[in-house]
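Enquirer: Work out the full structure: start from the sequences and follow the hints.
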Amino acid sequence: MKKIVLAACFAVSACSKRAAAPVASPLQEAARAASASSACGRLIPAEWSPSLPVPALDGGRLVYKMFFYGRDGDPAEGFVFHHAEGDATLAADGRVLSCSRRAGPVSRLPKFVPKPGVTMDEIDRRELELYPELQNAARLYAERRELTSDEKKKVAAMAEAFEFFIEDGRGPDYWELSRDFWSWVEKNGGARIKPGRQ
Amino acid sequence: MSRYPALALFMALAASRSSAAGSSPFDILAAAAAQVRAGCKAVPASCIELKAIHAGYLAELGKLDKCAAPTKECTPDFVRATFLAAEALDQREYALPFEARNHDTRPLLRMSLLLSQKATFAWAAVAPGNAIEVFAGVAEFAPKEVDALCRIGKATQACTAANNSLSNAQLLDTLLLQCENKPADEPCSFDELDSRAEIAETAMKFYTRATKDEQYQLTKLCSFIKYGQDRLAILMDRDLQNQVAGLEKGVADLTSRHGAVDAQKRFQEVLETYRQASIEADRISSFGYNAQQSNRERINAAATQLAVIRSQLAGGAAGDAARALASDPGNAGAVLAAAYEGPRPNAGPLQTAREAAHIDRVSVPAPSPAAPVAPAIIAGDPSFVDIARGLYSNDPLKRADARRRAGLSYTVGNPGGRAPLVHAQGYPDTCAIVAQQQVLVDRGLVPGNDPAGVEERLGRQAVNRGFFLDGTPTAYSGSLLIEHGLIVTKSAGAPLDAMDSAVRRGGMVIAGVDARYLWGKTAPASLGHAILVTGVEIEHGSGKTVGYYINDSGKDPPSRGLFIPIETFQKAWDAHTKSYVEVR
Numbered sequence: 390m391k392k393i394v395l396a397a398c399f400a401v402s403a404c405s406k407r408a409a410a411p412v413a414s415p416l417q418e419a420a421r422a423a424s425a426s427s428a429c430g431r432l433i434p435a436e437w438s439p440s441l442p443v444p445a446l447d448g449g450r451l452v453y454k455m456f457f458y459g460r461d462g463d464p465a466e467g468f469v470f471h472h473a474e475g476d477a478t479l480a481a482d483g484r485v486l487s488c489s490r491r492a493g494p495v496s497r498l499p500k501f502v503p504k505p506g507v508t509m510d511e512i513d514r515r516e517l518e519l520y521p522e523l524q525n526a527a528r529l530y531a532e533r534r535e536l537t538s539d540e541k542k543k544v545a546a547m548a549e550a551f552e553f554f555i556e557d558g559r560g561p562d563y564w565e566l567s568r569d570f571w572s573w574v575e576k577n578g579g580a581r582i583k584p585g586r587q
Numbered sequence: 004m005s006r007y008p009a010l011a012l013f014m015a016l017a018a019s020r021s022s023a024a025g026s027s028p029f030d031i032l033a034a035a036a037a038q039v040r041a042g043c044k045a046v047p048a049s050c051i052e053l054k055a056i057h058a059g060y061l062a063e064l065g066k067l068d069k070c071a072a073p074t075k076e077c078t079p080d081f082v083r084a085t086f087l088a089a090e091a092l093d094q095r096e097y098a099l100p101f102e103a104r105n106h107d108t109r110p111l112l113r114m115s116l117l118l119s120q121k122a123t124f125a126w127a128a129v130a131p132g133n134a135i136e137v138f139a140g141v142a143e144f145a146p147k148e149v150d151a152l153c154r155i156g157k158a159t160q161a162c163t164a165a166n167n168s169l170s171n172a173q174l175l176d177t178l179l180l181q182c183e184n185k186p187a188d189e190p191c192s193f194d195e196l197d198s199r200a201e202i203a204e205t206a207m208k209f210y211t212r213a214t215k216d217e218q219y220q221l222t223k224l225c226s227f228i229k230y231g232q233d234r235l236a237i238l239m240d241r242d243l244q245n246q247v248a249g250l251e252k253g254v255a256d257l258t259s260r261h262g263a264v265d266a267q268k269r270f271q272e273v274l275e276t277y278r279q280a281s282i283e284a285d286r287i288s289s290f291g292y293n294a295q296q297s298n299r300e301r302i303n304a305a306a307t308q309l310a311v312i313r314s315q316l317a318g319g320a321a322g323d324a325a326r327a328l329a330s331d332p333g334n335a336g337a338v339l340a341a342a343y344e345g346p347r348p349n350a351g352p353l354q355t356a357r358e359a360a361h362i363d364r365v366s367v368p369a370p371s372p373a374a375p376v377a378p379a380i381i382a383g384d385p386s387f388v389d390i391a392r393g394l395y396s397n398d399p400l401k402r403a404d405a406r407r408r409a410g411l412s413y414t415v416g417n418p419g420g421r422a423p424l425v426h427a428q429g430y431p432d433t434c435a436i437v438a439q440q441q442v443l444v445d446r447g448l449v450p451g452n453d454p455a456g457v458e459e460r461l462g463r464q465a466v467n468r469g470f471f472l473d474g475t476p477t478a479y480s481g482s483l484l485i486e487h488g489l490i491v492t493k494s495a496g497a498p499l500d501a502m503d504s505a506v507r508r509g510g511m512v513i514a515g516v517d518a519r520y521l522w523g524k525t526a527p528a529s530l531g532h533a534i535l536v537t538g539v540e541i542e543h544g545s546g547k548t549v550g551y552y553i554n555d556s557g558k559d560p561p562s563r564g565l566f567i568p569i570e571t572f573q574k575a576w577d578a579h580t581k582s583y584v585e586v587r
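Residue numbers (the numbering used here), protein chains in the order written: chain D, 390 to 587; chain R, 4 to 587.
One thing to keep in mind: the hints can contain errors.
In silico lysine-lysine, DSSO-like type, Cα no more than 27 Å apart, as pairs [what the hints assert, rightly or not]:
1. R:Lys-558 / D:Lys-500
2. D:Lys-504 / R:Lys-558
3. D:Lys-500 / R:Lys-574
4. R:Lys-524 / D:Lys-500
5. R:Lys-574 / D:Lys-504
6. R:Lys-547 / D:Lys-504
Footprint (simulated), chain R over chain D, 3 or more residues, beta carbon under 8 Å [as the list claims (entries may be wrong)]:
7. 416-430
8. 437-444
9. 450-464
10. 487-500
11. 532-546
12. 549-557
Between beta-carbon pairs, the in silico distance windows are [said to hold, decoys possible]:
13. D:Ala-480 / R:Asp-500: 52 to 58 Å
14. D:Lys-542 / R:Glu-459: 54 to 60 Å
15. R:Ala-98 / D:Ala-546: 50 to 56 Å
16. R:Asp-150 / D:Asp-569: 33 to 39 Å
17. R:His-543 / D:Asp-463: 33 to 39 Å
18. D:Asp-569 / R:Glu-459: 21 to 27 Å
19. D:Asp-510 / R:Pro-498: 34 to 40 Å
20. D:Pro-415 / R:Ser-396: 34 to 40 Å
21. D:Thr-508 / R:Arg-241: 49 to 55 Å
22. R:Glu-102 / D:Pro-415: 50 to 56 Å
23. D:Gly-493 / R:Cys-50: 32 to 38 Å
FYI, nobody ran anything at the bench for these hints, they're computed from the structure.
From the three backbone atoms N, C-alpha and C, an ideal C-beta is built for every residue, glycine too.
Expert: Written out as structure tokens, the structure reads:
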């Protein structure tokens with residue numbers, strides 16, 4: 390009886406409409422799933438975290454480079470992330486062109502400390518917002534021309550948004566991924582990624 | 004087409020290693036110029052040759068500018084000549100006195116890699132879909148590289164690892180020749196090829212123990228291993244075509260001979276063909292060979308049918324359920340209820356049917372109970388009012404709990420029965436091992452009373468078989484289950500609906516997820532993780548999924564039958580690889 394009454398109550402209440410969730414860009418989808426691509430599917434453990442993709446020019450062609458890294462620890466004790474342990478190159482449309490592993494001993498970042506007050510909702514929102522900015526910056530970078538002051542502001546904003554996703558000690562990994570891009574960012578809007586940044 | 008069709012691949016690999024070291028073309032050219040000056044100073048007699056090699060690289064790089072955009076001059080022959088030139092220049096550099104080369108960073112070799120990288124991209128543009136037919140004597144040069152590394156004397160560990168890698172690569176080369184020289188109608192068997200695959204994995208494993216600087220001195224060794232992997236992939240791909248065709252034929256045969264007296268024996272034969280085809284498909288993917296993507300789909304389709312046949316052979320309720328589920332997978336609850344009316348005894352009809360059919364008892368899954376017990380979504384004994392409030396709660400967990408308590412949803416799967424299978428994983432990277440372990444324990448294939456010991460053993464097995472590389476790559480997720488004779492289907496890049504259908508069939512599903520959402524942890528990048536999905540909560544009437552029950556080994560104590568609302572699971576799914584393995 391209790392169940393029937395409750396069911397009736399529930400039936401009266403209309404389900405509240407939910408706002409449509411923002412959709413991830415194809416590049417974001419590709420970066421998330423890169424470790425399972427045919428190029429990386431065997432090389433890169435599914436447990437490894439993917440970096441954000443960084444624009445690069447390869448023979449004049451725009452590509453995105455990203456790296457993967459493992460971790461130690463557990464949810465209770467916290468995590469120690471590794472420096473980059475594998476790499477992938479994505480075409481501008483998100484196809485994974487190549488994948489490789491780095492060799493040598495594992496190198497670790499300082500113990501990860503989450504930014505205080507930041508929620509996963511905020512991280513998700515910022516990531517969704519970053520991708521269009523990143524792809525816009527990539528387009529400007531590939532054009533290799535003088536930027537207008539408005540474009541430079543956008544590049545600077547992108548760099549600032551990107552900075553949010555870089556853990557302490559991770560800077561060199563991103564710098565090494567595409568030095569030329571970060572140098573271009575620095576020239577056009579103020580670099581946030583510096584070699585040796587800790 | 005040559006039998007060495009993947010040079011472009013290992014050139015790409017070498018090129019990516021170059022980029023892995025963070026070297027821009029400018030760095031490489033500057034370092035090479037500096038090396039020429041230093042080499043001339045160290046060995047004046049080699050100065051002319053050093054300069055000539057350097058000039059040769061610059062000239063070849065300049066020529067490739069013609070391929071920056073499509074031109075008539077940039078033909079396959081033109082690009083092929085560049086590859087050969089890079090190889091020839093590299094050999095000339097190698098012939099220089101030791102002191103004339105910077106053996107730590109090999110700047111001239113890096114020019115060669117840069118040249119190869121550019122040529123690889125040019126080749127992809129002028130001859131898309133065709134592998135380049137060039138191969139130079141890496142088998143001869145690899146031992147010289149290892150010898151040179153060991154002569155430095157400051158890298159003993161690297162020397163040992165390089166020698167181990169080299170001896171495995173040489174063994175692989177010899178054994179592959181045996182297969183390649185066999186008549187076409189008597190090719191190497193799966194077992195022969197698979198043992199060679201293990202050697203190839205071992206060779207690469209030792210190679211990757213070198214630091215990146217050491218790897219610059221061992222590029223020919225890398226190419227030698229890759230060369231072996233490519234040849235093996237070609238042989239395996241040929242075998243795989245026969246295996247998949249044999250699997251499909253076997254399944255069709257079993258379907259048409261339902262009830263035949265020798266059906267059990269034939270089933271075991273087909274099951275073995277499935278195992279071989281599945282492992283072979285993963286191996287080929289492992290070696291980066293561009294095999295047909297449809298192989299995995301064909302194997303999945305055959306595996307689905309094979310699982311139904313297996314249950315039919317078992318007869319009784321399991322067979323009925325399997326047939327009904329195959330025809331109406333969305334109606335799992337009703338089907339299972341019909342198959343098992345009333346309380347199911349411990350050694351139920353399935354057990355009897357297995358014994359009667361003489362089927363290996365462990366290979367047949369127990370269907371999920373018709374009225375599964377699920378752990379509490381939220382522990383406690385809420386009042387009527389609390390439940391009523393919960394129905395309107397904005398918290399999906401409270402809402403799901405209230406709905407279930409109000410009888411508005413029902414459970415499919417066996418989250419309560421499967422909850423005890425999980426233990427906290429012993430290592431940060433063994434989640435997929437433990438997820439597979441739970442399935443194997445459930446099927447009685449490994450003991451359940453020593454979880455840590457079994458995790459160790461399965462981990463070692465996975466390493467030895469090449470299924471584990473500091474974690475489980477997606478391609479090898481579920482491969483331990485196949486090795487133990489289970490039937491699984493693998494999917495990557497799938498929508499959550501596909502995994503949802505799998506869970507609704509009542510079996511166990513290993514899913515790849517971003518654990519940040521499950522653990523309530525904030526981090527800037529996803530935390531890849533494998534969990535076992537043991538059941539699903541479905542809303543009456545609408546049939547919508549309310550959430551999933553999972554066993555999660557990543558926490559200590561582990562989560563046993565933890566309910567995850569669909570909203571949360573969707574996020575965890577979307578932020579990762581959208582991959583799952585369904586145990587059939």
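Enquirer: Each of the hints needs a verdict: does it hold here or not?
Expert: Here's how the hints hold up against the structure:
1. R:Lys-558 / D:Lys-500: holds, 18 Å
2. D:Lys-504 / R:Lys-558: holds, 22 Å
3. D:Lys-500 / R:Lys-574: holds, 26 Å
4. R:Lys-524 / D:Lys-500: With Cα atoms ~14 Å apart, Lys-524 of chain R and Lys-500 of chain D stay inside 27 Å; holds.
5. R:Lys-574 / D:Lys-504: holds, 21 Å
6. R:Lys-547 / D:Lys-504: Answer violated: Lys-547 of chain R to Lys-504 of chain D is near 36 Å, above 27 Å.
7. 416-430: The restraint on the segment 416-430 of chain D holds, since 8 of its residues have a Cβ under 8 Å from chain R and three suffice.
8. 437-444: Our answer is that it holds, as 5 residues pass the Cβ test (under 8 Å) against chain R, meeting three.
9. 450-464: holds (count 8)
10. 487-500: holds (count 8)
11. 532-546: It is violated, with 0 qualifying residues against the three required.
12. 549-557: holds (count 4)
13. D:Ala-480 / R:Asp-500: 52 to 58 Å: violated, 28 Å
14. D:Lys-542 / R:Glu-459: 54 to 60 Å: The hinted range 54 to 60 Å holds for Lys-542 of chain D and Glu-459 of chain R, with Cβ atoms some 56 Å apart.
15. R:Ala-98 / D:Ala-546: 50 to 56 Å: The hinted range 50 to 56 Å holds for Ala-98 of chain R and Ala-546 of chain D, with Cβ atoms some 54 Å apart.
16. R:Asp-150 / D:Asp-569: 33 to 39 Å: holds, 37 Å
17. R:His-543 / D:Asp-463: 33 to 39 Å: Given a distance of about 38 Å, which is inside 33 to 39 Å, the answer is holds.
18. D:Asp-569 / R:Glu-459: 21 to 27 Å: violated, 46 Å
19. D:Asp-510 / R:Pro-498: 34 to 40 Å: Hint violated: Cβ distance 23 Å, outside 34 to 40 Å.
20. D:Pro-415 / R:Ser-396: 34 to 40 Å: holds, 36 Å
21. D:Thr-508 / R:Arg-241: 49 to 55 Å: The hint (49 to 55 Å, Cβ to Cβ) holds, given that Thr-508 of chain D and Arg-241 of chain R are roughly 53 Å apart.
22. R:Glu-102 / D:Pro-415: 50 to 56 Å: holds, 52 Å
23. D:Gly-493 / R:Cys-50: 32 to 38 Å: holds, 34 Å
Checked against the numbered hints above, the structure breaks hints 6, 11, 13, 18 and 19 and satisfies the rest.
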